[in-house]
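A.B. asks: Residues per chain are reported as follows:
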Amino acid sequence: MRADAEDAVQEACGRAWLGLDELRETAKVRAWLYRILRSVLSEGEERSARRRQLVSITRLEEAHDELVASDGDIVFEEVAARLTGEEVRAALQQLPDDFATVVELHDIDGFKYHEIAEIVGVPIGTVMSRISRGRRLLAGAVLAARSATTKEPSAQERRSARWGGSGTTGGGIR
Amino acid sequence: MTDWTPLAPGSTEDPAERAARESQHQVLIDLLGAYADRELPPETTSQIDAHLIGCVRCRRELAVHHAMRRRLGVEPPIAAPPALRERIAAAIASTPVPVSPPITRVSLLRRPLVLAALAMTVAVAGVGSTVLVRHGAETAALAPLSTSPSTVPLLRDVLADYRRVVAADLPGRARDLDAVRSAVPFPIEPLGGTAVRLLAAWTTDLGGEPAVVLAYRWDDRIVLQYVVSEQRFFQHPALRQAVADGRLLAAHDGAQGIIAWPTASAGTLLIADLPPERLRVIGSEALLAGKAARSAP
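Same order as they appear, the protein sequences are chains V and Z. First residue of the first sequence? That's 5 in the numbering used here, and the numbers climb one at a time after it. First residue of the second sequence? That's 83 in the numbering used here, and the numbers climb one at a time after it.
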């Protein structure tokens, strides 16, 4: 994966070099480069999309809903603060690209919403809703991973056990 | 995401109010991220302030946003390895000036954006300097500064230092180059080519930041090369603009001419009692020599 990332950066730098005339405002150079990088990445994804693993976002939403709906004993802030880098990346990997990308661009890369709108090519309202939903899903992914390692049954698993179901609800995307 | 907590247990809200509140909740919940990030207009912010008072669920959700953002915000950057930077510089340097962009497709797995984006930031400067290598060597276009050099702190400092230095004996010797190299945190690329001869090297202070000065003889002139950190070099928009345009920044003040371009992780300024157009000849040769050295096996 790292090699792919490096290839993408090299490709994006090459395209930036060829298209330098398109850069009108130097203050926007970072966002401009990210936009090029994203188009490189999306071309790669178009071809590899079929190989991609389907992610059940229903499960992530349920884990998150359970957290905010109850008084619960989980102090999420402490859970989040203790996450290792590996756990953060694993959680981000669980998210659909549309959501993970905007959260990464904002929270990790430090872009403002209007810059993200430009990089991703969506209206700012879409950036807002994707960041809101993206962080919800991310919290869900963190909690789902946590309950998987501590062997605590998730809400879905408890329900499935009660109903005698297989534990695979729908919600697969892409 | 369909339930919400009423103002107080047993409150006597009628069904219509409850429905209106529920629909407001559904709209506002998708704005909570932007609320946490202070990206909303004041009117919407006040609306959410009011909603949060009565909605414990949204308050918990807001806490999740803050916690998640705080954790991601301290995720340390993944450094781009030096090999990647070199690979990019080499690939760009060896690409011919395109008629139509020759784009190689790369095979990519799922969303390596985090890795790639971080590496991208580090690679940016490499692109800038490589662009200059191309332009400098083949067209050597100058971007004349539209204002007086005294309005650009770096140029002002270089001019003042140059005038101070040339009024006396040079403060260093050529053999000091290695010592000078190890004294600063950025790489030094001396001018290449046969037309210039290194006379002396020393470190100095430019506006409170370290700089290296290399003195050369070119024909019957003394030319000074100031090398500063990348950060210092790109501080002023005039230099960033020149780099973005793929040009050498050119300025003159009285008898002195200056040209400037970025190098790997640093910036170079040439100054002499010569017009910038003459300095460009030396600069182009240096850039060509640098390119040849980089593409050598």
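Hints are computed from structural coordinates only; laboratory data are not their basis. Glycine residues also receive a C-beta, built at the ideal position from the N, C-alpha and C atoms. Misleading hints may appear alongside valid ones.
To be verified - Simulated restraints, written as ranges between beta carbons of each label pair:
| no. | chain 1 | residue 1 | chain 2 | residue 2 | range |
| --- | --- | --- | --- | --- | --- |
| 1 | V | L27 | Z | A256 | 34 to 44 Å |
| 2 | V | D102 | Z | A101 | 25 to 35 Å |
| 3 | Z | Q313 | V | E81 | 49 to 59 Å |
Unchecked claim - Under 7 Å between C-beta atoms, here's a sample of chain Z residues computed to sit facing chain V:
| no. | residue |
| --- | --- |
| 4 | R103 |
| 5 | E104 |
| 6 | D112 |
| 7 | L114 |
| 8 | A116 |
| 9 | R139 |
| 10 | R142 |
| 11 | A149 |
| 12 | R153 |
| 13 | L252 |
A.B. asks: Work down the list of hints and note, for each, if the structure agrees.
C.D. replies: Structure-based check of all given hints:
1. L27/V to A256/Z: 34 to 44 Å: Between L27/V and A256/Z, where Cβ atoms are some 40 Å apart, the hint holds.
2. D102/V to A101/Z: 25 to 35 Å: holds, 30 Å
3. Q313/Z to E81/V: 49 to 59 Å: violated, 35 Å
4. R103: violated, 17 Å
5. E104: violated, 15 Å
6. D112: holds, 4 Å
7. L114: Result: holds, 5 Å to nearest chain V Cβ.
8. A116: holds, 4 Å
9. R139: Since chain V brings a Cβ to about 5 Å from R139/Z, closer than 7 Å, the hint holds.
10. R142: Where the cut-off is 7 Å and the nearest Cβ of chain V is about 4 Å from R142/Z, the hint holds.
11. A149: holds, 4 Å
12. R153: This interface hint holds because 4 Å falls under the 7 Å limit.
13. L252: violated, 36 Å
Violated hints, in rising order: 3, 4, 5, 13; the structure is consistent with all others.
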